[in-house]
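Model the placement of chains H and U on the given structure of chain F, informed by the hints.
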Amino acid sequence: MTESSPITREEVAHVANLARIQLTDAELDHLRDDLAAILDHVKVVQSVVDENTPAMSHPIPVTNVFREDVNVPGLSAAEALAGAPESEEQRFVVPRILGED
Amino acid sequence: MTQTLVDFDEALTRYEPVMGLEVHVELNTASKMFCGCPTDFGAEPNTQVCPICLGLPGSLPVVNGKAVESAIRIGLALNCEIAEWCRFARKNYFYPDMPKNFQTSQYDEPIAFDGWMDVEVDGETYRIEIERAHMEEDTGKSTHVGGSAGRIHGADYSLLDYNRAGIPLIEIVTRTIEVPGDKAPAVARAYVNQLRDLIVALGVSDARMDQGSLRADVNLSLRPADTTTLGTRSETKNVNSFRSVERAVRYEVSRHAGILDAGKKVVQETRHFHETEGSTSSGREKSDAEDYRYFPEPDLAPVAPSREWVEELRATLPEPPAERRKRLQAEWGFNDLEMRDTIGAGALELVVETVAAGAAPAAAKKWWLGELARRAKEDNLELADMPVTAAHVAELQGLVDSGRINDKIARNVLDGVLAGEGSPEQVVTERGLEMVSDEGALSAAVDAAIAANEDVAQKIRDGKVAAAGALIGAVMKEMRGQADAGRVRELILEKLGAS
Amino acid sequence: MTDLTRKTAAELSELLSSGEVSSREITQASLDRIAAVDGEIHAFLHVSQEAALEAADRVDAARAAGENLGTLAGIPIAVKDALTTRGIPTTSGSRILEGWIPPYDATVVERLKSAHMPIIGKTNMDEFAMGSSTEHSAFGPSRNPWNTGVIPGGSGGGSAAAVAAFEAPLAIGSDTGGSIRQPAAVTGTVGVKPTYGAVSRYGLIALASSLDQIGPVSRTVLDAALLHNVIAGHDPRDSTSLDAPVPDIVAAAKRADLSGVKIGIVKEFIGEGFDPGVRARFEESVALVTAAGADVVEVSCPSFEHALAAYYLVLPSEASSNLAKFDAMRFGLRVAPDGVSEPSAEQVMATTRDVGFGDEVKRRLILGTYALSSGYYDAYYGSAQKVRSLIAQDLERVFVDVDVLMSPTSPTTAWEFGAKIDDPMSMYLQDIATTPANLAGIGGISVPAGLSDGLPVGVQFLAPAMADDRLYNAGAALEKLLAEKWGGYLIDQAPELEVAP
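Residue numbers (the working numbering), protein chains in the order written: chain F, 34 to 134; chain H, 1064 to 1562; chain U, 37 to 537.
Don't take every hint at face value.
As the list claims (entries may be wrong) - Just so you have them, the derived chain F footprint on chain U, three or more residues with Cβ under 8 Å:
#1 235-242
#2 356-369
#3 423-431
#4 442-453
Claimed, not checked - Below, simulated SDA-like cross-link-like pairs (lysine to any residue); rule was C-alpha separation at most 25 Å, straight line:
#5 H:K1154 - F:E112
#6 H:K1204 - U:P379
#7 U:K303 - U:V322
#8 H:K1204 - F:T86
#9 H:K1204 - F:E84
#10 H:K1204 - F:E119
#11 U:K303 - F:T86
#12 H:K1204 - H:N1142
#13 H:K1154 - F:E84
#14 U:K43 - U:A97
#15 H:K1154 - U:D390
These are calculated hints, taken from the structure and not from any lab test.
A virtual CB, placed ideally from N, CA and C, is assigned to each residue, including glycine.
Isolated chain F (complex conformation) (with noise of 0.2 Å):
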């Protein structure tokens, strides 16, 4: 991004589809201002690193942290679809789904 080039409402359209939220609007106005004010203050980040500056994904450097393969008790069906909107069969009952089987 450059900065002539700010985030456009059609980006912030189609962030929010990736994010699965419905937006009015209203709310794509609103959020795009929002975001390139944002922005435009978080783009600093790109000119103090380099190639050769390490990413930090963990702040505690521990690594192999493993689990003996041992069952462990769960939660009964009844508990897992106690929170559930709805359920039937003793499964977890979604709108249908647009997609492929």
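The following block gives chains H and U in isolation, referenced to the frame of chain F:
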């Protein structure tokens, strides 16, 4: 929608297939990848779940060490390098079968990479290069309600069972496979088949395609002959048997050729293989399929297998497949053709197991490549998926060897075993198929046959021993086949003084 | 009778072990205080009166039976609503989780229970801990006990307000970029963000997994240490949990001795952008610790200037993934779009997330999704993760020469409701001094340092990872010096709250 298909052989005159195979192996660990839930197949819905694999707020994953061990062993068996340090990554996309709406997987740092596996087809060896093998987790299972026949299109709603969510998967990805076009389908099949044998030999998975514990995706594109132009590829999923791997390759070659011949463009998409029709159909493209927003999983520590551990695991590997095949061939005394047929039929492991259960190699091969192969073909099943075990086959042969049944009865016994009536021993008892070994009864039956066929008997007395066949037949008929024909012959000759 | 709600946890502990008061009396006093003032303060989203009193009775019975109990046994505690509590509603301040009852306890909640601490309720917070004021709570803001017209800080404003309003002697908070320390600073209380991994995150509804850390909220440094001691320690259910002994933080809090301690003043955090009143209180604190024998030097961490930018990329990115699970399929709110017959799962997800999430959450989820998306990852998320390395390197360098760092906790005191709500960037700037600790994984403490225009100011100490004992020693020392000066704790100067009839 009609599809113009070009005959496979004709397509190969103009195009060369370029393939890639992605195989998912469900590990047979006792617990899931990131939690302690059981992994049993076929449990009641949502009874093998917990806050972690249900993705409930606040829960955190912890890596199953045994799954990492299995991943490394698979990597080593595929001649891969094992990463000195690698991370899990989140693959972000929304789908109701995925509780967290991201799959915990690996991205640019797979646990194993740069390997190979040699596969044999018709006596030729093809080296399949392995790009990577990485660890990830399985999704839940959806059942579609309403609409037509449980298909997702037109369904009213879906039911989700998360028992499978979080079961450890290893995804094994090949580099581009380029072999002579006519060999491509067979090489693809052989690769998946031999990969399965390897996985089974490692003991890390049941690797059953029919139960989904081994799943293959076929990526295919066509390149116009004598060019280097890469075509657009399709990714075919739902390929649930070795035979389907071969058929999916053939179908996609024919379909792509039809599109290209018409001057159209192949669409990059996911396709689904349909077992019954042997064809593929387009899957709806996920709108965000190309942007998974991978990033390193902050909730899991990086995996840094020490070289000592890797070497310890290397020492546990089974014999490399090629060496093993040579050794087995020598041990069994098979000639090259017999060995090739055995491998080609997908019967190598079955013969190994049958021999281990006590049968002679030749007998084991005879059953698997003969009677059982014939029935598998009739039923459209893989040999390995027949409802008969190596132990059954060995037991069956044992019954023949001990003279308690003959070959013809053995086939009857096999019917019973395949029908789920139990072991061969049980079927023999239940169906009353044991041969008559009561000398008195046999002797009486022989006497009766001689009396009823005096002219034949006389010929035998006169030295025409070949005529005994007619009398044997009569006795066997009387005994409903359940007699040892050799003993009957002996008795006849004895009684007629021709022995 | 003495007002039990004014006692510190350490004092209550002594009264309990001497048998002078029961846990039921203390717990009831807290519940009564909540009934009296929480209508005004709104620190709690849920009060579990019955369960708390039952727990109090159990610990009283155990004590009567002569059981050997821990220091905090019988002392009631409030828990931020970001932690799961089995059988008790948990919302994380969001409409999308309204009505959800977790089927399991967070590890920290389990530890509080096994330490026999009655949990009196769940405290208010900015939705999913995104905010610095509690104004982003879906259930209305909490109010600052010092002045109910100003914010109590955030995201853990509920926990800080509960402690500052004497509704609870102790509370649990979580700190992703200052959510424990900034509310402590603006409410005149103590808040500690331990070293990353010191306290298990299992059961903490994640905001940004690599930044989040649970910690204690209290009125004194010793009380924070006592609570820290109960909740810290290795947890096999959290892969990022430190498998190392917890430093002796209680002894450190009791030591409270700065002689010979080298303190670094962070140059980048004493300049403009910090209110004059905040700077004045900070400078007085520096003078006190210097007089008490600390060796104070100025240090520079140039990378800290970029901490906020890195933070506002790392946090939304991780949050965009962590909050994807709130999709209306398995738990929580489900809203179908208007005017669509037979909506798809996709449509229901998108509508529920629009209705169920507040503006600030949506803003950050969109920002984070953008920062991770194809073509922008390297520029934004990738670069931000590199800035974290620079911050860690700066800290490693300065901690060779100094034992702890010292700075104001927050650039301003509490502001009036609504003052920053429409300007996200000005709200984000509040986190300038607190975010480096989270980005680098080190610990930090905020202690009260006096008032500016009648509102509390906090001073922060930072220590290297796994040296949280230094926070308690330095924090307790400053607390002691100020208490000597004031003749008591700052919180004792808080105005009396109007009590509901």
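Quickly compare the C-alpha distance for H:K1154 and F:E112 to 25 Å and report which way the hint goes.
violated, 28 Å
Pairwise hint evaluation, H:N1142 against H:K1204, where the allowed Cα distance is 25 Å at most:
violated, 33 Å
For a C-alpha distance cap of 25 Å, please report whether H:K1204 and F:T86 respect it.
violated, 43 Å
Taking only the CA atoms, is the gap from H:K1154 to F:E84 under or equal to 25 Å?
holds, 24 Å
Taken at face value, is the distance from the CA of F:E119 to the CA of H:K1204 at most 25 Å?
holds, 17 Å
Tell me if the straight-line CA distance from H:K1204 to U:P379 falls inside 25 Å.
holds, 21 Å
Within 8 Å of chain F (C-beta), three or more residues of the region 442-453 of chain U
Since three or more residues must qualify, the claim that chain F covers the region 442-453 of chain U is violated, with 0 doing so at under 8 Å.
Count the residues of the region 423-431 of chain U whose Cβ falls closer than 8 Å to any Cβ of chain F, and tell me whether that reaches three.
As far as the region 423-431 of chain U goes, the hint holds, because 5 residues have Cβ atoms under 8 Å from chain F.
Holds or violated: U:K303 to F:T86, with C-alpha atoms at most 25 Å apart:
holds, 24 Å
Below or equal to 25 Å on CA atoms is what counts here, so check H:K1204 against F:E84.
violated, 42 Å
Can the restraint linking U:K43 and U:A97 be considered satisfied, given a maximum Cα separation of 25 Å?
holds, 22 Å
With a cut-off of 25 Å on the C-alpha distance, tell me whether U:K303 and U:V322 pass.
Holds: U:K303 and U:V322 sit about 13 Å apart, inside 25 Å.
Of the numbered hints stated above, those contradicted by the structure are hints 1, 4, 5, 8, 9, 12, listed in ascending order.
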